[in-house]
Each structure stands twice: as structure tokens, then as C-alpha cells.
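Asker: Chains as they are written, first to last, in this note's numbering: chain S, 37 to 344; chain A, 3 to 387.
Hints are computed from structural coordinates only; laboratory data are not their basis. No experiment lies behind these values; they were computed from the predicted model shown. Beta carbons: idealized from backbone N, C-alpha and C, even for Gly. Misleading hints may appear alongside valid ones.
To be verified - Where chain S lies over chain A, by a calculated footprint (3+ residues, C-beta under 8 Å):
hint : stretch
1    : 152-160
2    : 168-181
3    : 289-303
4    : 344-356
To be verified - Think about it this way: if two alpha-carbon atoms lie no more than 35 Å apart in a straight line, the pair counts; the simulated DSBU-like pairs of lysine-lysine are:
hint : chain 1 : residue 1 : chain 2 : residue 2
5    : A       : 175       : A       : 187
6    : A       : 235       : A       : 152
7    : A       : 235       : A       : 362
8    : S       : 222       : S       : 201
9    : A       : 38        : A       : 196
10   : A       : 286       : A       : 175
11   : S       : 122       : A       : 235
12   : S       : 201       : A       : 152
13   : A       : 152       : S       : 222
14   : A       : 286       : A       : 34
15   : A       : 362       : S       : 222
16   : S       : 331       : A       : 152
17   : S       : 201       : S       : 122
18   : A       : 38        : A       : 362
19   : A       : 362       : S       : 122
20   : S       : 331       : S       : 122
21   : S       : 331       : S       : 201
22   : A       : 196       : A       : 34
23   : A       : 286       : A       : 196
24   : S       : 331       : A       : 286
25   : A       : 187       : A       : 38
26   : A       : 362       : A       : 152
27   : A       : 152       : S       : 122
28   : A       : 38        : A       : 286
29   : S       : 331       : A       : 175
30   : A       : 235       : S       : 331
31   : A       : 187       : A       : 286
32   : A       : 286       : S       : 122
33   : S       : 222       : S       : 331
34   : A       : 362       : A       : 286
35   : S       : 122       : S       : 222
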Amino acid sequence: MSLARTVLPYVISGISVGGQYALIAIGYTMVYGILRLINFAHGDVFMVAGLMMVYLVASVPLVLAIPLMIALTVLLGFAIERVAYKPLRTAPRMSVMISAIGVSYLLQNLALYITGGLNKNYPAIPWISDRITVFGMETTRVTVITPFLTIFLVAVLVWLINHTKIGMAMRAVSVDFETSQLMGIKINSVISATFIIGTFLAAVGSVLYFTNYPGVVPTSGAMPGLKAFVAAVFGGIGSIPGAVIGAFIIGICESIIKGLDTILIVNGAITEQIGLATFSDAFTFVLLIVILVFKPTGLFGEKTTDKV
Amino acid sequence: MTETKSRRASWLALLLILLFWAAVILLDQIIKPTDKLYMLLTVLQKGSVYALAAVSMNLLNGYTGLFSLGHAGFMLVGAYTYAIFTIPSTARDTVYQYYNAAIRVSFPEIFSGALGGFGTVLGVALAVILAGLMAAILAYLIGLPVLRLKSDYLAIATLGFAEIVRAVFQWSKLGPITNGSNLLKSFARTSTFKLSIGEMSISLSTFVPVLIATLSITVIVLIVNSTYGRAFKAIRDDEVAAEAMGINLARHKMLSFVTSSFFAGVAGATMAMVLSIAQANNFKSAMTYEILLMVVLGGIGSISGSVMGSMLFVAASEWWLRGLDSGRFLGINAPGVFRNGFRLVVFSVVIMIVVLFFRKGIMGERELPDLFRKRKKPAVKEATE
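Please model the complete structure; the sequences and the hints are all you need to start from.
Answerer: Next up, the structure:
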């Protein structure tokens, strides 16, 4: 009983973090599904969304700031694809990946220049950052809302992909790039749509994520970005439900590891802090390597073989 | 005919290296810390560290076609190994102020006790080699599961390994060895390296990193030009075809990975030597990205390109573009725009331009000597026709 009571708070915050990772992970998994590209800049777009919110709230009312921030982030995602990835469509995959790393470097440096490297406090958004009590423990409202909002958005996205024309085009492009082109699908608009959806979800995720954190710094996108990518790989890259489930698993595991010292002490397994929280980030990568070695296609991924 | 030609080329290369070394030692004596040109020495020191790191990454990414992003992790292992084994016993307890240091061996001290000045050099050299070996052993262990993966999966898995290594080195339970999340200092660093002949003392603070880098890069050049190097290139160009030609894929990939990591470890040790501190937190994935961008700048698949790329990268970011950060650049005074961080923005835009429009970088796949040879080619073609 005491085990459940000590673990529960970490599980709840883990579900919330997982939901935020899920929103980022969809951007990775969709882009990878279509372009076979690890979009290293996606985590930094997420960070820029956080920064934009900080600056917008300072100049326009909150009601306007959120939609404006989302619109600008989507525009940024669209622009990055057009400027940095489109010219390399026929180039080797490594070049595109290097370009993505270059964009990530550029965005981080730009953020460093604009903020002067200082921590920018994220604005408190009324209602969602209020403190509430659930199951006898105090938390913010956003923690409770995140998983539901995530699942709602994913449901909408899945419907979009399965029942609309652009969704059908996306599925076709992800199966075979060239053939779908021959079938008259405008791949450039499909790819743009993918980036727009991905960055839209990342922008929504940034509101939920940064509300629970003290502030935004130029590097705050890197780690959530990498973890979301791992979540996408874990669930089977290219699969949206897979990415979401992977993100929730990673979020919960990470949160439990952060509190593992305390949990073990309360239950008498160890007597003093042993600093296991250091491994909360590293664990994600252990999980990644285990999954890559034993089931490289992830939980829901399809098996592919390389043709000679 | 060709044999004598290649022999002459190697002698020429050796002569050039010796001249370069002499020039570096000379510059080290002439330039005072107050001089404007002092930045040149800094660039040479840091530049040679990054050049070695970039060349070792190029061996893996450019020559073998294994896209690995774990370089920072191996450099971290190298830096820590070097630092731990060269901290003098008198400083050990001050450095490990929160822990009871477990390793109390200092190579330079042991050997200088028996051999004097030469022993110190030997001790430092041994520590550098051990740094490389530790990185290589780690690479072997990591390579066993990871090298089976393809392109971008390999990249993300090695990136993940570097992050794990960083977390392990910061773990408080390993404090007695790694000093936890605190930095390591007081170990043998380049600014203390001197050669005393009688009354005269010659500073070697720039020469030592340059020496380590040139020696290591020479070894890498020899590897690339050997049969192993040709096998690596075959794997890069077509894995299936290379396997069909009888190249053992697993073995050669592992060899390339371990060699590259060995030199990454040496680069890490040299970096610790130059910066005179070692801290796990500095070896983030951003460092790997920077090294990768240096390789791209110079041209993937060109060793002289990587050297040039990293020297340019370091010179631009440490020296030439400094003005962009401090309000004045090329005589333009605009403190509002030219403030902290602007240098890096300009710099990353330049890199994006290279990545998008000059995908071959400075050298493409050519090497420095190819530039002089090229002019003759059309004439030869005419003659054969």
C-alpha cells in the first residue's frame, strides 16, 4: 500500500510529461515516415515556440498570444522545410540530416543571441497553471489536462490521416515516395502539411510543457526533443499510436527514476540517497538501445528490408 | 618511377611537418600574452584539438560511412582518464574535496621520480595513450550491439550512448573516481610544459597539442592509405558489394569505430590539457554537432579538409569574428546589433550556406596534394589519346 502511495505522484506527473513528449514525438514520427529524416531541429522549434510565447505575452493580451504563437511556430516549421530540406530532396540522406543539425545549431544560437543566454520566465497562464488537488496530492491543473488533450489531439490526427484526402496522400507518400509522385500526388504540399501538423502539435506541447517548468533557455528544447524522438523509435517510427504509447512509457519511467531514491528509502530497500536521479535522462537512451538491438522496428513498426 | 615519386612525396611531407613544428615553437617564444597575435596561439592550440577530433570523426563518418554522433562521449572518457592519472598527489585531496579519492596514481610523478624531466614527458605521454585506450575499449563494448544498426539509427544510438556516458561520469556514487559533477583540475596542462636547456627555458604550450595532433593525424592518414582504408571506403560506397568482395563487414566496421574512438579519446585528453579543466557537463551533444559541422565545412572524406575546416572554425569563432560580439566589426560601430552571441548567429548562417549550397565543403574528397596535381591532368589525357 505504501509503495502505491509513494509511486503514484510520480506516475501522475510522468503521464503528464509523457503527454507532452507525445505531442513532440508525432512531429518526429510523421516526418521520418515520409522523408526518412531525423528532424534534429524539431526540439529547437519547440524551444522557439516557448520563447515566442514569452515575448508575445509581454506585448499582446494572452488570448491573442497563444494563437499567434502557434501560427508563428507553424510558419517557422514550414519555412525550415522549404529553406533547409527541400533543396536537398535528391541529396544523400546524410546531407539532409546534417542540414537538420545545422538548423538546430542556428536556432539555438539565434535564441542565445536574442535572450542573451538568460533564463526567460514562462508566463503563468491563468486556469491551466492553477494548483488543484487530485487523489489527495497537490498539482497544477495542466498536469491533469495534458494526457486528455494529447489523446484528443491524437484522435483528431488519426481521423485526419484515415479519412481525408491529404491524409490518404500522406499515407501513400510514406509507403512509396516515387510511385506516389507518379500517381499525381504533389509531394511538396504533402511534406509541407506534415511539417505544419508536426510543428502545430509541438507548439501546443510547448505551452503544456513550459507551464510546469521555471523558464526557457536556448538549450531547453534539445533534451525533450531527443526523448520524443526516442519515444517515436520505441513505438515504431512512422506509427502515430506507437509514438504516443512510447512517449507515455518514457515519461512515466523518467518520472519514477527521478524519485526512485525517495521511493526506495520509504520502502526500506536502501537507507540513503544514492543519486539515481542522475540517470533519468540516460535511462531513455538505455531503453532506446535495448529496443534497437532487440526489436529495431519498435513496438508497432513494420519490418522493412533493404533492396540491393 | 611511381615508387620514387611517392617516396619523394613522403620526404617532402616529413620536411613540411618538421618546418611547421619549428615555426610553432618559434611563434610560441616570440608572441607575448599581451600581443594582439596571441590569439594565433590560442587558435593553434584549440584548433589542433578540434582538428584531431574532426579527422577521427571523418575516419568514421567520411571514410567508412558510419554516421556516428557519439564523439563527445569518447572525448569525455579521454579527458577524464588523462586528468585522473596526471593529478599530482599533493593536489589530489583539494581536487576531490567532497570525496575520498580512490585512484591515487599520477604517471608524471612516478616516472619523474626515477627518470627526472624525461619521466614527466613519458608520464604525460602514457596518460594520453591510456586515455585513447580507455575510449577505444568503451567503443569496442558499445560497438558490439550498436554497429549492427544502419545509418540514422546508428547516429541516434551513438548519440544516446554519449549521453549515458555523461550521466555515469556525473553519478555521485562514482565520485571517488570521477569527482561526481565537480570539475577536475590541477593536472598536467600545456601552459606548464617547458624545455629547459641550461638557463634558457622554451615554452612548449602550443607545440605539445600541435605535436599530438600531427602525430595522430599522420597515423590516421597511414591507415586511410592502407588496405584497411581501402576496405573502409569500399564499405562506405556499397556495403553489399564490399561484402561480396570478401570484406568482413563486422570486423572492419568495428576496427574503424575503435580507431576513431581511440583518437577521439586522445583529442579529449589534449583538450583537457589545453583548457586545464575537465568537466563532464562540457561534453554535450552540441560538441559532437560542432565537430560534425567542422568535418562538413572541410569536406566529408578529406583529411586535409577536416584540418582546414576545424582551424577555420576555431579561428573564426575565437578570433576573427570576435568583433561581432563586442560592438565593433570591420570598422562598423553598432553595439545594439553586435552584442553577445551575434558572432555565433553569423557563423551558423555561414554554415547553413555551406551545407545547402556548397555541399562538398572546402575540399570535397580531395586532399591537399591533389590541388597541385590537378593542372597536369588534361595534358596526360591528350597524350594518351
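Asker: Next step is simple, just say for each hint if it's right about the structure.
Answerer: Status of the hints after comparison with the structure:
1. Judged by the Cβ-Cβ criterion of 8 Å, the stretch 152-160 of chain A is covered by chain S as claimed, because 7 of its residues qualify and three suffice.
2. By the rule of at least three residues with a Cβ nearer than 8 Å to a Cβ of chain S, the coverage given for the stretch 168-181 of chain A holds, with 7 such residues.
3. Check result for the stretch 289-303 of chain A against chain S: holds, 6 residues qualifying (beta carbon to beta carbon below 8 Å, three or more required).
4. Evaluation of the coverage hint for the stretch 344-356 of chain A: fulfilled, as 8 residues show C-beta separations to chain S shorter than 8 Å, against a requirement of three.
5. Distance check on the hinted pair: residue 175 of chain A and residue 187 of chain A sit about 20 Å apart at the alpha-carbon level, within 35 Å; holds.
6. Using a Cα cut-off of 35 Å, the hinted pair residue 235 of chain A and residue 152 of chain A holds, with the two alpha carbons roughly 16 Å apart.
7. Using a Cα cut-off of 35 Å, the hinted pair residue 235 of chain A and residue 362 of chain A holds, with the two alpha carbons roughly 17 Å apart.
8. As the CA atoms of residue 222 of chain S and residue 201 of chain S are separated by approximately 12 Å, the hinted pair is consistent with the 35 Å bound.
9. Restraint check for residue 38 of chain A and residue 196 of chain A: satisfied, since their Cα atoms lie roughly 23 Å apart, inside the 35 Å limit.
10. Distance hint between residue 286 of chain A and residue 175 of chain A is fulfilled; the C-alpha atoms sit about 21 Å from each other, no more than 35 Å.
11. For the hint pairing residue 122 of chain S with residue 235 of chain A, the CA-to-CA distance comes to about 29 Å; that is within 35 Å, so the pair holds.
12. Proximity of residue 201 of chain S to residue 152 of chain A is assessed by CA-CA distance (about 33 Å); at most 35 Å being required, the pair is judged to hold.
13. For the suggested pair residue 152 of chain A and residue 222 of chain S, the alpha carbons sit about 29 Å apart, so the restraint of at most 35 Å is met.
14. For the given pair, residue 286 of chain A sits about 33 Å from residue 34 of chain A by alpha-carbon distance, which is consistent with the 35 Å threshold.
15. For the given pair, residue 362 of chain A sits about 30 Å from residue 222 of chain S by alpha-carbon distance, which is consistent with the 35 Å threshold.
16. Proposed proximity of residue 331 of chain S and residue 152 of chain A is supported: the alpha carbons are some 13 Å apart, at most 35 Å.
17. For the hint linking residue 201 of chain S to residue 122 of chain S, the alpha-carbon distance of about 23 Å falls within 35 Å, and the restraint holds.
18. Of the supplied pair hints, the one linking residue 38 of chain A and residue 362 of chain A holds, its CA atoms being roughly 34 Å apart against a limit of 35 Å.
19. With a CA separation close to 18 Å, the supplied pair residue 362 of chain A and residue 122 of chain S stays within the 35 Å bound.
20. Distance check on the hinted pair: residue 331 of chain S and residue 122 of chain S sit about 32 Å apart at the alpha-carbon level, within 35 Å; holds.
21. For the hint linking residue 331 of chain S to residue 201 of chain S, the alpha-carbon distance of about 33 Å falls within 35 Å, and the restraint holds.
22. Proximity of residue 196 of chain A to residue 34 of chain A is assessed by CA-CA distance (about 15 Å); at most 35 Å being required, the pair is judged to hold.
23. Between residue 286 of chain A and residue 196 of chain A the CA atoms are separated by roughly 32 Å; this keeps the pair inside 35 Å, and the hint holds.
24. Taking the CA atoms of residue 331 of chain S and residue 286 of chain A, the gap is about 28 Å. The hint holds against a cut of 35 Å.
25. For the proposed pair residue 187 of chain A and residue 38 of chain A, the alpha carbon gap of about 28 Å is at most 35 Å, so the pair holds.
26. This hinted pair checks out: residue 362 of chain A and residue 152 of chain A have alpha carbons roughly 23 Å apart, not beyond 35 Å.
27. The hinted pair formed by residue 152 of chain A and residue 122 of chain S meets the criterion: a straight-line CA distance of about 24 Å does not exceed 35 Å.
28. The suggested pairing of residue 38 of chain A with residue 286 of chain A holds, with an alpha-carbon distance near 31 Å, which does not exceed 35 Å.
29. Distance hint between residue 331 of chain S and residue 175 of chain A is fulfilled; the C-alpha atoms sit about 32 Å from each other, no more than 35 Å.
30. Taking the CA atoms of residue 235 of chain A and residue 331 of chain S, the gap is about 29 Å. The hint holds against a cut of 35 Å.
31. Of the pairs offered as hints, the one joining residue 187 of chain A and residue 286 of chain A holds, with about 19 Å between alpha carbons and a cut-off of 35 Å not exceeded.
32. As the CA atoms of residue 286 of chain A and residue 122 of chain S are separated by approximately 29 Å, the hinted pair is consistent with the 35 Å bound.
33. In summary, the hint linking residue 222 of chain S to residue 331 of chain S is supported, as the alpha carbons are separated by about 34 Å, within the 35 Å threshold.
34. For the given pair, residue 362 of chain A sits about 27 Å from residue 286 of chain A by alpha-carbon distance, which is consistent with the 35 Å threshold.
35. Restraint check: the Cα-Cα separation between residue 122 of chain S and residue 222 of chain S comes to about 13 Å, which is no more than 35 Å; the hinted pair holds.
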